[in-house]
Amino acid sequence: MTTSNRQQKTHTETGKPHWIEWLTGIVSTVLVLALMSWIGREAVLADSRPPDLSVRMLQIEQAGALYRVDIELQNSGPSTAASVRVVGKVTPQNVPSETAEVTFDFAPAESRTKGALYFRTDPRSNPLELMPSGFTEP
Amino acid sequence: MQTTRYLLRMMADNQSETIRFAIGLLRGAAGALIFGIPMLMTMELWFLGFYMPRERLLLLLGVNFPVLVLLARRIGFEHTFTWSEAARDAIVAYALGILTSAAILALLGIVMEDQPPREWVGKIALQAVPASIGALLGRSQLGGQQDDDEEQEPAEEASTSYSGELFMMAVGALFLNLNIAPTEEIIAISYKMTHWHSMATIVISIVLMHAFVYAAQFRGTHTLAGNAPAWHALVRFTLPGYIVTSLISVYVLWTFGRLDDTSLTQAMMSMIVLNFPGAVGAASARLVL
Chain A
1 MTTSNRQQKT HTETGKPHWI EWLTGIVSTV LVLALMSWIG REAVLADSRP
51 PDLSVRMLQI EQAGALYRVD IELQNSGPST AASVRVVGKV TPQNVPSETA
101 EVTFDFAPAE SRTKGALYFR TDPRSNPLEL MPSGFTEP
Chain B
1001 MQTTRYLLRM MADNQSETIR FAIGLLRGAA GALIFGIPML MTMELWFLGF
1051 YMPRERLLLL LGVNFPVLVL LARRIGFEHT FTWSEAARDA IVAYALGILT
1101 SAAILALLGI VMEDQPPREW VGKIALQAVP ASIGALLGRS QLGGQQDDDE
1151 EQEPAEEAST SYSGELFMMA VGALFLNLNI APTEEIIAIS YKMTHWHSMA
1201 TIVISIVLMH AFVYAAQFRG THTLAGNAPA WHALVRFTLP GYIVTSLISV
1251 YVLWTFGRLD DTSLTQAMMS MIVLNFPGAV GAASARLVL
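Residue numbers (the working numbering), protein chains in the order written: chain A, 1 to 138; chain B, 1001 to 1289.
Honestly, the hints are just simulated from the structure, not real lab data.
Because the structure is a prediction, the values reported are computed rather than measured.
Take every hint as true, because none was put in to throw you off.
For lysine to aspartate or glutamate, the following DMTMM-like pairs were computed, each having C-alpha atoms within a straight-line distance of at most 25 Å:
#  : chain 1 : residue 1 : chain 2 : residue 2
1  : A       : Lys-114   : A       : Glu-129
2  : B       : Lys-1192  : A       : Glu-42
3  : A       : Lys-89    : A       : Asp-105
4  : A       : Lys-89    : A       : Asp-52
5  : A       : Lys-114   : B       : Glu-1055
6  : A       : Lys-114   : A       : Asp-52
7  : A       : Lys-114   : B       : Glu-1185
8  : A       : Lys-89    : A       : Asp-122
9  : A       : Lys-114   : A       : Glu-137
10 : B       : Lys-1192  : A       : Asp-52
11 : A       : Lys-114   : B       : Glu-1044
12 : A       : Lys-114   : B       : Glu-1119
13 : B       : Lys-1192  : A       : Asp-47
14 : A       : Lys-89    : A       : Glu-61
15 : A       : Lys-114   : A       : Glu-72
16 : B       : Lys-1192  : A       : Glu-110
17 : A       : Lys-89    : A       : Glu-72
18 : B       : Lys-1192  : A       : Glu-72
19 : B       : Lys-1192  : A       : Asp-105
20 : B       : Lys-1192  : B       : Glu-1044
21 : A       : Lys-114   : B       : Asp-1261
22 : A       : Lys-114   : A       : Glu-98
23 : B       : Lys-1192  : A       : Glu-137
24 : A       : Lys-114   : A       : Asp-70
25 : A       : Lys-114   : B       : Asp-1260
26 : A       : Lys-114   : A       : Glu-101
27 : B       : Lys-1192  : B       : Asp-1260
28 : A       : Lys-114   : B       : Glu-1184
Covered stretches of chain B (in silico footprint by chain A; criterion: 3 or more residues with CB under 8 Å from a CB of chain A, positions within the stretch not fixed):
#  : region
29 : 1183-1196
30 : 1214-1224
31 : 1233-1239
32 : 1261-1275
Quick look at which bits of chain A chain B covers, simulated, 3 or more residues with Cβ under 8 Å:
#  : region
33 : 17-27
34 : 33-41
35 : 106-117
From the three backbone atoms N, C-alpha and C, an ideal C-beta is built for every residue, glycine too.
When you get a sec, could you build the whole thing from the sequences and use the hints?
Take a look at the structure:
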């Protein structure tokens, strides 16, 4: 409990707090220490291995005259990549291949991000290739 | 004769009542503007207005109302407010928040008549949350000369429950977080920071929070009764305040979809970054409110 003096605009924390204040205080202290030790553990174990990027196809859907390929960019590495470019290539027989590309702002460490690519050629009946083509450090 | 005089007095009273109400509305709108403008002019918030998940927007709009009522009750505390008056003030502040946001977004050409309703309603709804908090704060913090308090002298001493203190910290943290969380920078900073940086940020946030309230001797500063050691305040108020701030940060980040498909450590890093402004907001709320 806190008592406020309106004239002097000061507040005084009571000297005889309810036990709930101490309980909350102790739980909070434990939580803050847990947070710090988690981050501390990560800091000590931190490895500077580069991002490990891979692209997975989720589904293909017809979107008007085009085909939309939903993709998921996964970074299983311990570092974050920025401006990740993903290139998709559909190679029909006897016809020049068609490429589409998209840039992901970020691929956070150990996280997944979704996006999509559009093609004129049907990627369901032709071989589709997906790959990350580059990134920058954030 | 007596009756006429009485009637005349009634009319005069009514008129001054109306004027006072109008002045109250004007102050509310001013507060909504002052506290809302940084957000009204942030690009990411316009985009969030139409792409954020509708159920999260609805939840935020729903949560805002009880927050406003509690805040109105807190601000009106010295005038011995009732709950129904607090609810009335809260709903008026909400309306002012919506109207002010709509007016400014229309003025800046961000809300246009050719946009689909989903887009402009979403933009206005999202902005109305911080603007309505601003409208309430405007009434208290920008309150005029003694004109509001003539009926009753405020009680010399008032006490705030422990949950009341924690609630004020939550409102302060929520307000600053809503300002900052939508920006791309929170995520970008958390990617740039090493784990050592974030460790330091936790410590600095807690130190700042404590110093703001107990050491800086601002108006509204807090002291401990008797000769209790200083760490009592740290354990009983500042550390719980940091945890409250963390919860608010996680809620706001989740609302804006910043935690989707993110690893636990990455989510914690974003939370720690957002806790920094949140902690400053929480500490100032304890001083100001």
